[in-house]
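As you go down the protein sequences, you meet chains A and B in turn. Take the first sequence: its position 57, counting from 1, is numbered 57 in my numbering, and each next residue is one higher. Take the second sequence: its position 185, counting from 1, is numbered 549 in my numbering, and each next residue is one higher.
These are calculated hints, taken from the structure and not from any lab test. Everything numeric in this text was worked out from a predicted model, so none of it was measured. Accuracy of the hints is not assured; some may be wrong.
In silico DSSO-like links for lysine-lysine, alpha-carbon gap of 27 Å or less [as the list claims (entries may be wrong)]:
1) K113(A) / K855(B)
2) K765(B) / K54(A)
3) K107(A) / K765(B)
4) K675(B) / K390(B)
5) K769(B) / K473(B)
6) K390(B) / K108(A)
7) K54(A) / K20(A)
8) K390(B) / K54(A)
9) K765(B) / K855(B)
10) K767(B) / K826(B)
11) K107(A) / K855(B)
12) K54(A) / K473(B)
13) K253(A) / K107(A)
14) K765(B) / K108(A)
15) K390(B) / K769(B)
16) K855(B) / K108(A)
17) K826(B) / K54(A)
18) K767(B) / K855(B)
19) K54(A) / K767(B)
20) K390(B) / K15(A)
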Amino acid sequence: MANVRFENVTFHYGKHCIFKNLSLTVEESQILCLVGPSGCGKTTLVRCLLGFIKPETGAIYVGDRCLFDADRGINVPPENRHIGVVFQDYAVWPHMTVWENVLYPMKKMGLPKEEREARAHHALEQVRMTGYEDHLPSQLSGGQQQRVAIARALVSSDEVIIMDEPITNLDAKLREEMLNEIRLIQHDIGTTILYITHDQEAALQLCDIMAIMDRDGSLCQIGQDEDIILRPANRFVFEFIGVSNFFPLVREKDHTYLEAGGRKFPYDSCPAEIFASGKPMEMGVRLNDIVFDENSPVRGTIERIIFLGSEYIYFIRLGDRTIRMQSNALDVMQRDPVAENQEVGLAFLQPRYYEAKPEEVNAQ
Amino acid sequence: MKFGMMQRQGSSDLAALDGKTFNLDKAMTIISFILLLIIVVIPIFMIVYNAFFYKGRLDLEMFRTVVFSKDNISAITNTVIIGVSVTVVGTIIGLFYAWLLGRSDIPCKSLMRALFMIPYMFPPFFGAMAWDMLLSGRGGYVNTWLMTHLGLTAPPFNINSLGGIIFVEVSYYFPFVFMQVVSALERMDPTLEESARIAGASQSTVIRRITLPLVTPAISAGALLILISSLAHFGVPAILGFSKQIYTLPTVIYAYIDRAGGSFEGIRQGAALSILLVFVVTMALILQKIVLSSGSYDIIKGKSMRPTLIKLRGAKYPLLLLAIVTLILIVLVPLIMIFLEGLVKAYGLPLVPENFTLDNFKAIASSKQTLDAIRNSLFLSISAGVLCMFLGVMIAYVVIKIKPKGKEILEMLSVLPYSIPGTVLAIGVILSWSGQLGINLYNTVWIILVAYMARYLSFSMKSASASLQQVHPSLEEAARACGASHTESLKDITLPLIRPAMIAGFFLIFLPSMRELTTSILLYGPYTRTLGVQIFALRDSGQIPQASALAGIAICIIIICNAIVTHITKDKRGV
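Turn these sequences into a full structure, and let the hints steer you where they fit.
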């Protein structure tokens, strides 16, 4: 068991800066999900930790072991870092059987034969792959290969395991099963896990702590899932986690208006201070935070209603724009029914105000 | 994609970051460059230098006399006529049979397909020998038979002519187009043709407007191979043309060197002609590019699909008959002829059991020269195969995984000898390694080995790089993360994964080396004859039955090795 620390790590590909002075700590026996859009530098960070690429500045520690320190000129080669890793494409060696795959890391560590075999058995048991020892990877399904990869990571290190989008290639049901399994295994042995994904749902299901990385490779917010969903640190986090609608706001003669589909609706519930900077502003709201309110001046027509069992989805036309809102089926039953083509008023719970993105300003 | 590539470059200088003094990646890169410099760059440079410079001074006089001599101009004309005709006829035949076997409902497809590949395995000069025995103007078996039975006064066929050379070369080179097009047809999405039919196009319109344009890249690749091979070909024109003074550039170069008996002047003249040959090949390549630059299409998929087959109806059996006759003519007749002639007591005797004997084989077994030739060829082919297998893997690894600066140069240099005629390469090797640079390997097997390596390195390099591209970088990285050093990850992961390609690469070199004639004929010394040279020499000295017997043995060796390579390439372990 050990924690993982990145301290002021900077990395460039040529002139392109991937991340600058990045610091992140994964606490002992914690699952931290590093979430960010594709190409934001998550994998690069992992490759720095594994030692496949060398950052320009900073230091990387696992527990007390210093793996990399730019100032002290320390750079431990990958084979001596002892970090378990599950690659995106599993990287199970196709020419070795399951048994050989799992034994390999321990052979390289020089463990005695009995211990090797005992640990390999145990690891395969943990990932529920007992009985497949003599199979070649080509004889296994994607999910099974992934479990072999996890078993191999488990035996390579009981301190830290890195998982780089290991479930993206699986179907939805298997994905959920695998997440549960990873959770259970982690619970049993208490390994520290750094889990990399662009899929926020997987992250929410799995992690103790989430770290959100934006497109420029900086960490916007590190916190528990509720924090991140309910109190997003900035617009990027708000937009990245969950689906939302954005409306431009206009300030005219001490009144605020909400613009949608070429129409303006009075919207004075919004605090006037947000315009203090003089920059164009927008209001963002999650689908579930839009509710029907007959007294609201924001009015639109219900275009279509979709029932999904636990949720209702409404498409509502405001001017020439159609927005989406979502209601819990239980709430819907407790209020007056609405029908398609009916005119409704809309109120916004928990609205969030952000500066408009430059390209959206130009478009207007 | 771009991002991914940058990542790979990042990991390449990894070992350098570890502060190690010895660096495997760097060592392999440097060795690759030096190696290609020695076996490719130096010979090419030496040809150009010697053709234009004499005793350190620019001298264009020799070049001019050689190039504009009347004999050589007729050799150029012959080379171009043969090259172009073989390409055109070979492409048409290859295309026709590819379509017949790939798209029609003709029976016994897979068997015929295998048979159509056979000419590809054998050296064309065996075919030339066989056809020479059958259709030679003087005493060819068929000619003699026809003359006695039909009462003709002149032989009806004459294989010792431009037409004869073209015929034999076509029968050995059309599989290039055939194989390329068959595989393109198989990978083509059949819905493309079906949509055209649904849109109202007739069968012939579909072939003309859809199928043909889609396989154009395959046709042009195959035709290019035919053209290069034919322009640079030595064996067939040498066997069929010498007796009638029909020369092509490769044979005229051989004649120069042979006549000069190793004198420097002769080799220089050969070098000048080599430049001419390279020029002709380059012009052909450029011309081909212009003619066929109609654009390529990337709608051919990697996966094999079941296309709709065209019903031949009434034409089915006539076409089947045509295919069978073609097969008999190009495959069976020459093979049987070689084997029968190998059994006959003396050339010209009727091929009846009373005249059969095993004496030719006994003569082979008791001739030291012949046994030496077999031993030399085995030694050369195995050494070239093994060396090229490892060097090819190394260069492929450098190009694909390490990606140093100048990897394009490395890649270009390693495939360059492929389009350089074997004759030219041999001259380059003679000029480089017979003392001018301080090393004299002339008349030893080593000079032949160097030439074979230059000629065939690209084969194993291509085979290894195709396979290395399949080895995802994460497999090696996973091994590193599991505690394996860079060298260990190469040994435990990468090499085992590309082993089938390495073995295939070995045979890709071993087989053509065993039957090589074009370069060996210019490089052999009194004690370093190869199998091809010995067959050629035996035939040249009139011992045709013994030459045939030896050719028969060579055919058997080739068949056995081919069976091994097919078996190995099939046996891939889940990669």
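Comparing the hints with the structure gives:
no., hint, in the structure
1, K113(A) / K855(B), "22 Å, holds"
2, K765(B) / K54(A), "18 Å, holds"
3, K107(A) / K765(B), "26 Å, holds"
4, K675(B) / K390(B), "59 Å, violated"
5, K769(B) / K473(B), "48 Å, violated"
6, K390(B) / K108(A), "25 Å, holds"
7, K54(A) / K20(A), "13 Å, holds"
8, K390(B) / K54(A), "18 Å, holds"
9, K765(B) / K855(B), "15 Å, holds"
10, K767(B) / K826(B), "16 Å, holds"
11, K107(A) / K855(B), "14 Å, holds"
12, K54(A) / K473(B), "57 Å, violated"
13, K253(A) / K107(A), "76 Å, violated"
14, K765(B) / K108(A), "23 Å, holds"
15, K390(B) / K769(B), "11 Å, holds"
16, K855(B) / K108(A), "13 Å, holds"
17, K826(B) / K54(A), "32 Å, violated"
18, K767(B) / K855(B), "19 Å, holds"
19, K54(A) / K767(B), "18 Å, holds"
20, K390(B) / K15(A), "24 Å, holds"
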